Amino acid sequence: MERSIAIQSAAGRSAGAAALEPQAAVASQCVLRFTGVTKTYRHNASRMLLRRGLLSWFTRSGSDIFYALRDVSFELDANTSLAVVGANGAGKSTLLRCATGISKPDKGRVEVRGTIAALMELGAGFHPDLTGAENVLLNASLLGLTRRETLQQFDGIVEFSGLGNFIDEPLRTYSSGMVLRLAFSVAVRVDPDILVIDEILAVGDIDFQEKCIAEIMRLKQSGKTLIYVAHNLSSLRKLCDRALWLEHGKLRMFGPCAEVLDAYEAAPPPVTL
Amino acid sequence: MREAAPAVAVLAPPTSGGSRGGGNILFLLSNLVLKDFRIRYRNMSLGVVWSIANPLVMMGVLTFVFTRIYPNPSFPNFAVFILCGLVPFNFYTLALNAGTTSLLENQSLVKRVRCPRVIFPIAAVLANCLHFIIQIALLIAFVFAFGYRINRFWPYLGLIWGLEVVFMSGLTLITSVLDVYYRDVRYVVEASNVVMFWLVPIFYSLEMVPQNLRLFYLLDPIAAVVVAGRDVLLHAKPPSGNLLAALGLVSTGCLVAGLAIFNRLERNVADLL
Chain R
221 MERSIAIQSA AGRSAGAAAL EPQAAVASQC VLRFTGVTKT YRHNASRMLL RRGLLSWFTR
281 SGSDIFYALR DVSFELDANT SLAVVGANGA GKSTLLRCAT GISKPDKGRV EVRGTIAALM
341 ELGAGFHPDL TGAENVLLNA SLLGLTRRET LQQFDGIVEF SGLGNFIDEP LRTYSSGMVL
401 RLAFSVAVRV DPDILVIDEI LAVGDIDFQE KCIAEIMRLK QSGKTLIYVA HNLSSLRKLC
461 DRALWLEHGK LRMFGPCAEV LDAYEAAPPP VTL
Chain V
222 MREAAPAVAV LAPPTSGGSR GGGNILFLLS NLVLKDFRIR YRNMSLGVVW SIANPLVMMG
282 VLTFVFTRIY PNPSFPNFAV FILCGLVPFN FYTLALNAGT TSLLENQSLV KRVRCPRVIF
342 PIAAVLANCL HFIIQIALLI AFVFAFGYRI NRFWPYLGLI WGLEVVFMSG LTLITSVLDV
402 YYRDVRYVVE ASNVVMFWLV PIFYSLEMVP QNLRLFYLLD PIAAVVVAGR DVLLHAKPPS
462 GNLLAALGLV STGCLVAGLA IFNRLERNVA DLL
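Those sequence lines, one after another, are chains R and V. Following this note's numbering, the numbering of the first sequence begins with 221 at its first residue and continues without gaps. Following this note's numbering, the numbering of the second sequence begins with 222 at its first residue and continues without gaps.
This is chain V alone, in the form it adopts within the complex (with noise of 0.2 Å):
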């Protein structure tokens, strides 16, 4: 809060978490992946399937539309064209999703015990990693499905895809606490996920976008995600130097501001559940 408390020492910090050193973080952090995944599988007899069925009927209904009612045949493999963009975008939106209301969902976890709560959107992020990986799968087999080859540039999508977690990371650690200040703050992350799908190249390529705007696009980390996964599977080619400079400076860049808000406002974070 702004009224900022007066000098406030709390020199002994009462332990209970994380005071048995690292092994207990680890430990602490499959557990909540695990209960996330096992809550959400639980209930559902198809379990998977619904991580794959989503970008499958994305895919259809783009290519539909991008193929049919407005052809653009500059882009011969329209379909895979388009998972590219829309599996790191569709990460994008689950992770926030959970990640910016992940205190609020374990208050029951948040108020009950001292600790580290950084450790509740990290896990939010964390447990969507796993879709994350089903849909890359999904992605792969398109991408040979439409006689496209590993190549030598194959190793940066590791690299592109672990700096897009990084990158939730950071998002989400921001837009969880700020969430327990003002609940409002979802519904502003649900908006901005409808924009960033136009404003994310899923259907459309970089080369479309007028010169000048371009450095819009390189500063936001998932339409950099997608375009250096495009030209790695499709292209064949490395992604830009300049390209991959921006991803992980704002990527980390988003990490490290997001522990420093994180640190500061979590003080008050048990009074406000």
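For reference, chain R alone in the conformation it holds in the complex (with noise of 0.2 Å):
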């Protein structure tokens, strides 16, 4: 597929000064493209039993279908930032799923262009009784590293999250803020070509949210893009030039940053979820 610009070489990766160089071919051309892209859950999740299985099979009986996402669409361009914002319940993290292609759409199309790294939830990727150290190349593997590649940037990522001596602790003896730095250190190091952040800098202390806002930056300018979801308004006018703005799994407005965001503020919260 369309994965040619996804691959730098090893050597382009991981100098800083290279990795601006693409910018110019990258810029404005599209990275992410829903269309029509449509997700139904099923209310009853009591459909896992095996009984209910069995029934269902000779009743067929209808379960209600929920829509996480209706006929969403939108384009993104390389080198933009993108802000979604919406209730909880929304389906923020449906369409984030849907974009890194951990979930498929029942309709409609996900077009991905080059590397996606997500931080999604707090530890998830992690295992509580490994080391730092050993969820660090675990954590790589999985976002799709080699192990050349993975040692290569191994001494950066534990001297970005500043873990020191913890690193060859197990995870489950680190504090939430801790874990936060070690998936946000593999995840930018991992170099994707777009970075999916699901509201999970909150925990980081001031300090480190500062550090993430500065590396988020860096990616940035070297053409990278970001989808960002957070409820703190004021730091996605910081960060993002893009919003989207979900409300009951539909596309209510996308457009600029703060254009979209204005809106949002404006606008009454919904009834029910």
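To be clear, the hints were calculated from the coordinates, so they are not data collected in a lab. Watch out, some of these pointers could steer you wrong.
As the list claims (entries may be wrong) - Label pairs and their computed distance ranges (CB to CB):
{"id": "1", "chain 1": "V", "residue 1": "G244", "chain 2": "R", "residue 2": "P348", "range": "21 to 31 Å"}
{"id": "2", "chain 1": "R", "residue 1": "D349", "chain 2": "V", "residue 2": "F367", "range": "33 to 43 Å"}
{"id": "3", "chain 1": "V", "residue 1": "N414", "chain 2": "R", "residue 2": "S454", "range": "52 to 62 Å"}
{"id": "4", "chain 1": "V", "residue 1": "W419", "chain 2": "R", "residue 2": "D291", "range": "48 to 58 Å"}
{"id": "5", "chain 1": "R", "residue 1": "T393", "chain 2": "V", "residue 2": "F374", "range": "29 to 39 Å"}
{"id": "6", "chain 1": "R", "residue 1": "P348", "chain 2": "V", "residue 2": "D405", "range": "23 to 33 Å"}
Source: prediction; values computed, not measured. In this text, a Cβ means the ideal position worked out from N, Cα and C, and glycines have one as well.
Take the two lone chains, each set in its own frame, and fit them into one complex as the hints suggest.
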């Protein structure tokens, strides 16, 4: 598929200066396109039971369907950062899961150009009994790195996390802020073309949040794309240039960040989830 | 799910895992195998001793029952005869249990990153190969202790035990993905392990099975592995061609079917976890 720009050489990926070059070529190129994406879930989670499954086999009782995303279409260019806003349950996380390919849409198309790294739930992708260092290796391999690439990045990841000697302690001894430090360090050092962050930066301390924001700015400048979900609108205003507003799974508004966020703030909150 | 989704077109599936070729898959696989092994042994002071203790205790109990309570003079070295059956059977139960629950156990990884998910049950089976190898070493030690010697048919052992790993990979691909749909599957698997203990010729030989039922034993790969292992180790004769053909066909057929079923059911896995 259209992966040609996704895979830069390992040398180009690690050198900071070289990463600036592709910017001109990449600029204004669409990296993420949703076309009429619809994603439904069933309300009755009890389908997981065999008894229920066997019954519905005979009765075909229709379980009521809930639309997490309904006919969502938008395009995102490289080198932009997108803010995703909406009330709880509006479909923000589902949108991210579809973008990263973890979930597949029921209808419509998701097209992605390049590699995606996602910071979705805190601690997801980590195992509590493994040490920080072992988790870094596991996580980097899950994000698609080879052994050599991981070993090249390893010191940088540990240094950026600022965890020091804690890197050899089991993850279960970490505070949530420390887990975030490790997760963020791996995700940015893997150097994805698209970085997805789902409102988890809030648990970091001020110091690390500023470090993260500086790192996100650096990624932006090197032509990368950012998708950022948060409820803190002022940080979204600072970081993002486009915004997408979801309401009950539908795309309510998509456009320049300030415009959409102003409208979102002015709108009355939705009555029910 | 049976309510098949309407024409889905994910034309450019988002990539993160796998986009950098086979080097990453092997790195990921080795990380997952190491993770299983580390987690299992980190909290055990005696570590590997437990892999040996289980077959030794079972061997002792079964030898006591079938030499003192139900004496069976037709097998002179009953302890090693039992162990030839226990080692492949133990691998079967351990790999099946670990493989069946592998997607649920790793759900924080499965839900976070898009990587080839077949890797989770396969890694669980391979992690158990380490126990299998330790138990094989124990078996070989007993074979020598009872006065048997290496014969020219020993290379067959690698083939038959390798085919058991192939069979287990295929079987756990099916049970792991079914376990995500119906959590009851693991209980079915646990119950089937008890049944299999009696239906695999562990404390009896194939010759004691009525002639018209032997075909079923040859079609059961675990029984076939036990019979073939005894032929080589205790009777210094090659396994019969029929047995090897049946074992090879059923094992590879199971792997092909497992991959097909897994790939078909895998698309909903992230939503059901």
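A quick look at each hint next to the structure:
1. V/G244 with R/P348: 21 to 31 Å: About 28 Å separates the Cβ atoms of V/G244 and R/P348, which means 21 to 31 Å holds.
2. R/D349 with V/F367: 33 to 43 Å: Given about 40 Å between the Cβ atoms, the range holds.
3. V/N414 with R/S454: 52 to 62 Å: 58 Å, holds
4. V/W419 with R/D291: 48 to 58 Å: For V/W419 and R/D291 the Cβ distance comes to about 56 Å; the hint holds.
5. R/T393 with V/F374: 29 to 39 Å: Violated: the Cβ-Cβ distance is about 53 Å, outside 29 to 39 Å.
6. R/P348 with V/D405: 23 to 33 Å: 27 Å, holds
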